[in-house]
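Student: Residue numbers (numbering that gives the first Met the number 0), protein chains in the order written: chain H, 0 to 263; chain X, 0 to 213.
Hints were generated in silico from the structure; no laboratory data involved.
For glycine and all other residues, C-beta sits at the position ideal for the given N, C-alpha and C.
Each hint should be verified, as a subset may be incorrect.
Just a few of them, taken from the derived set where beta-carbon distance is under 10 Å, the chain X residues facing chain H [said to hold, decoys possible]: (1) Phe78; (2) Gln111; (3) Trp123.
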Amino acid sequence: MSLESSSTTVSSLAPKEPLLRLEAVGKTFGTHVVLEDIDLSLAPGEVVAIIGPSGSGKSTLLRCINQLEPPTSGRVTIRNTAIEAGHTPTRRELMALRRSIGMVFQSFNLFPHLTVLRNVSLAQERVMGRSREAADKVSMQLLSRVGLADKAQQYPSRCSGGQQQRIAIARALALEPEIMLFDEPTSALDPELGLEVLAVMRELAEGGMTMIVVTHEMHFAEDVSDRVIIMADGKIVEQGPSREVMRSPRTERAQRFLHAVKDR
Amino acid sequence: MTQDILLNIALGVPWTIALTAVSLAIGMLLGIPLCAMRMSKLGLLRAIANILILTLRAIPPIVWLFLIFFGLDTGYVSFTPFQAASIGLGLITAANMAEIYRGAMAAIHPGQWEATHALGMSTWYRFYDVIAPQLFRVALPSAASYAIGLLKDSAIASTIGVNEIAYQASHVSQRTFRGLDIYAVAGLLYILLSLPIAWASRWADLHLRSRVAR
């Protein structure tokens, strides 16, 4: 996979806040424009929900932030590290960037050949250089926090989807990220199992974690997030305080989307 | 059939096992870089790998053994029959293993790569901790059937004088002017040797199957 062969560079900048800033970020695959001119900034502790129809570029936007998809234009700044489209970041810069950003996927992506405990401990050892004992200790704490300490010695295939997703959250948290990205974390789960994942996320948000959540869970967007962003056709069509955007959207495109979703 | 005859045929068993094991080891090891080249982003590496794999697989094994054993015997390099057979069958196995690995690679869920990237793991750990263990599990059934094929193909090493089962059988047959029973025993030995490989592979597959994301 050519995730590192991107076209981006890193330079140091001064400003302290916000924690994350996207400036005119764009992404095209060939002639197909997936993201266009995205500006977004995130203060520490802020929780942002991104909603919108499928194919609107929500997931791609998330993946551009941690360079899983290198943007083709614009600039992504995390704290004082800026990654500019068009220059390749060094491996070390990329690893540092990704260490400060945790990511949770729609399909969990746990390592099926490792026990739950090893899943959570692996990157701590390989990326942070923790000893196995230290890593396992942290992992057990995190697994307790998501209510799965008793699953530590099981393999992921023995866990339900909701449990797997909570393990994936623990795995991401183990690297002590400053920002957590959630890419439709409950979309592969039936509603009941989705709830236990949402509960963990709600707790994280209340604990002050900075989060960006791409989701179809309208209640979560309205109740838990501070801000809602509605995307359509690769652009941000509306954003603002959650309740305001969800209840009285101003743009026609946002109204149309919310209308369709709420009518179900 | 006398014990003497049986014993003489059975003397070939260790050589058959050794030749199969050594060729397989060479092939499994060299198959890794070959597969990496085959999947490289650099066109030149890919082309080299393609030509190597094509050549190794297109020329019959017996011709390879003759080429190495008789053809390379220049006075500077010369191989014992066992060495020549190991190198020949090992290289052919490498080409086949490279293709088996490549197929297995495609079977691993793309999310596994993404997860390691998102966690900031280095290329080495990505393969060592996450991709390779799953690759091995996926490749195992194909590798095992290949190994059984290799066990049988190792008989062609008798043509350059490796005293494995087929060589011993033909030797005893010529000495005693008996054919049917002697080659039947040889055949039985090949069956007995391939059964454990098949069993082990099935057992391993059953136990490891659930631990791969596909």
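Student: Under 10 Å is the threshold here; is the Cβ of X/Gln111 close enough to any Cβ of chain H for the hint to stand?
Tutor: 6 Å, holds
Student: Against chain H, with CB atoms and a cut of 10 Å, does the hint on X/Phe78 hold up?
Tutor: 40 Å, violated
Student: Would the hint on X/Trp123 be counted as holding, given a Cβ-Cβ threshold of 10 Å to chain H?
Tutor: 9 Å, holds
Checked against the numbered hints given earlier, the structure breaks only hint 1 and satisfies all the rest.
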